[in-house]
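*Asks:* Per my numbering, numbering of the sequence shown is gapless, rising by one per residue and ending at 669.
Just to be clear, a hint being listed does not mean it is correct.
To be verified - Taking lysine to any residue pairs in the SDA-like style, the calculated list, with each CA pair at most 20 angstroms apart, reads:
| hint | residue 1 | residue 2 |
| --- | --- | --- |
| 1 | LYS653 | VAL667 |
| 2 | LYS658 | THR619 |
| 3 | LYS653 | SER668 |
| 4 | LYS661 | GLN593 |
| 5 | LYS658 | GLU595 |
| 6 | LYS653 | SER615 |
| 7 | LYS661 | SER650 |
| 8 | LYS661 | THR619 |
| 9 | LYS661 | ALA647 |
| 10 | LYS653 | LEU601 |
| 11 | LYS653 | GLU595 |
| 12 | LYS653 | GLY616 |
| 13 | LYS653 | ARG622 |
| 14 | LYS658 | LEU601 |
| 15 | LYS653 | GLU666 |
| 16 | LYS653 | GLY642 |
| 17 | LYS658 | ASP624 |
| 18 | LYS658 | MET591 |
| 19 | LYS661 | LEU599 |
| 20 | LYS661 | GLU595 |
| 21 | LYS661 | VAL614 |
| 22 | LYS653 | VAL600 |
| 23 | LYS658 | GLY616 |
| 24 | LYS658 | THR617 |
| 25 | LYS653 | THR617 |
Hints were generated in silico from the structure; no laboratory data involved. On a predicted model such as this, the values are computed, not experimentally measured, just so you know.
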Amino acid sequence: MAQLENLLLVLARSLVDEPERVEVSGTETGTRVDLELRVASGDMGRIIGRQGRTIRAIRSVVKAASVKLGKRVNVEVSD
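Hey, can you work out the whole structure from these sequences and the hints?
*Replies:* Below, the structure written as structure tokens:
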């Protein structure tokens with residue numbers, strides 16, 4: 591699970607203006623991993639992107655990494 595959290599952290603920090611305020615927390619139950627991404631309120635638009643394209647791309651990359659680990663992942667963005 592730590593690998594997925596680190597991947598999400600690196601992806602999010604590369605996109606925002608305030609990378610020090612990016613936080614990722616996760617819970618793992620069996621083969622399911624739930625990751626929660628928190629960013630500064632001013633960076634929320636950068637993470638979501640136009641019509642959600644950026645967050646969809648982030649989710650796709652993290653999901654591809656999770657398949658290799660044999661996990662199912664869910665990425666949520668919270669305020």
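*Asks:* Work down the list of hints and note, for each, if the structure agrees.
*Replies:* Each hint, compared with the structure:
Taking the CA atoms of LYS653 and VAL667, the gap is about 15 angstroms. The hint holds against a cut of 20 angstroms. Pair hint LYS658 plus THR619 holds up; C-alpha atoms about 17 angstroms apart against a cutoff of 20 angstroms. Restraint check: the Cα-Cα separation between LYS653 and SER668 comes to about 19 angstroms, which is no more than 20 angstroms; the hinted pair holds. Among the hinted pairs, LYS661 with GLN593 is consistent with the structure: their alpha-carbon atoms are about 12 angstroms apart, no more than 20 angstroms.
About 15 angstroms separates the Cα atoms of LYS658 and GLU595, which keeps this hinted pair within 20 angstroms; it holds. The suggested pairing of LYS653 with SER615 holds, with an alpha-carbon distance near 16 angstroms, which does not exceed 20 angstroms. Of the supplied pair hints, the one linking LYS661 and SER650 holds, its CA atoms being roughly 14 angstroms apart against a limit of 20 angstroms. Restraint check: the Cα-Cα separation between LYS661 and THR619 comes to about 10 angstroms, which is no more than 20 angstroms; the hinted pair holds.
With a CA separation close to 18 angstroms, the supplied pair LYS661 and ALA647 stays within the 20 angstroms bound. Restraint check for LYS653 and LEU601: the C-alpha separation of about 13 angstroms stays at or below 20 angstroms, so the hint holds. For a cut-off of 20 angstroms, the pair hint linking LYS653 to GLU595 stands: about 12 angstroms separates their Cα positions. Taking the CA atoms of LYS653 and GLY616, the gap is near 14 angstroms; set against the 20 angstroms cutoff, the hint holds.
Distance hint between LYS653 and ARG622 is fulfilled; the C-alpha atoms sit about 11 angstroms from each other, no more than 20 angstroms. Distance restraint check for LYS658 and LEU601: the Cα-Cα separation of roughly 18 angstroms lies within the 20 angstroms cut-off, and the hinted pair is therefore satisfied. For a cut-off of 20 angstroms, the pair hint linking LYS653 to GLU666 stands: about 13 angstroms separates their Cα positions. At roughly 16 angstroms between alpha-carbon atoms, LYS653 and GLY642 fall within 20 angstroms of each other, so this suggested pair holds.
For the given pair, LYS658 sits about 16 angstroms from ASP624 by alpha-carbon distance, which is consistent with the 20 angstroms threshold. Of the pairs offered as hints, the one joining LYS658 and MET591 holds, with about 12 angstroms between alpha carbons and a cut-off of 20 angstroms not exceeded. Simply put, LYS661 and LEU599 have alpha-carbon atoms about 18 angstroms apart, close enough for the 20 angstroms limit, and the pair holds. A hinted pair counts as satisfied when its Cα atoms are at most 20 angstroms apart, and LYS661 with GLU595 qualifies at roughly 13 angstroms.
Restraint check: the Cα-Cα separation between LYS661 and VAL614 comes to about 17 angstroms, which is no more than 20 angstroms; the hinted pair holds. Taking the CA atoms of LYS653 and VAL600, the gap is near 15 angstroms; set against the 20 angstroms cutoff, the hint holds. Using a Cα cut-off of 20 angstroms, the hinted pair LYS658 and GLY616 holds, with the two alpha carbons roughly 18 angstroms apart. Of the supplied pair hints, the one linking LYS658 and THR617 holds, its CA atoms being roughly 18 angstroms apart against a limit of 20 angstroms.
The suggested pairing of LYS653 with THR617 holds, with an alpha-carbon distance near 15 angstroms, which does not exceed 20 angstroms.
The structure is consistent with each of the numbered hints, conforming to all of them.
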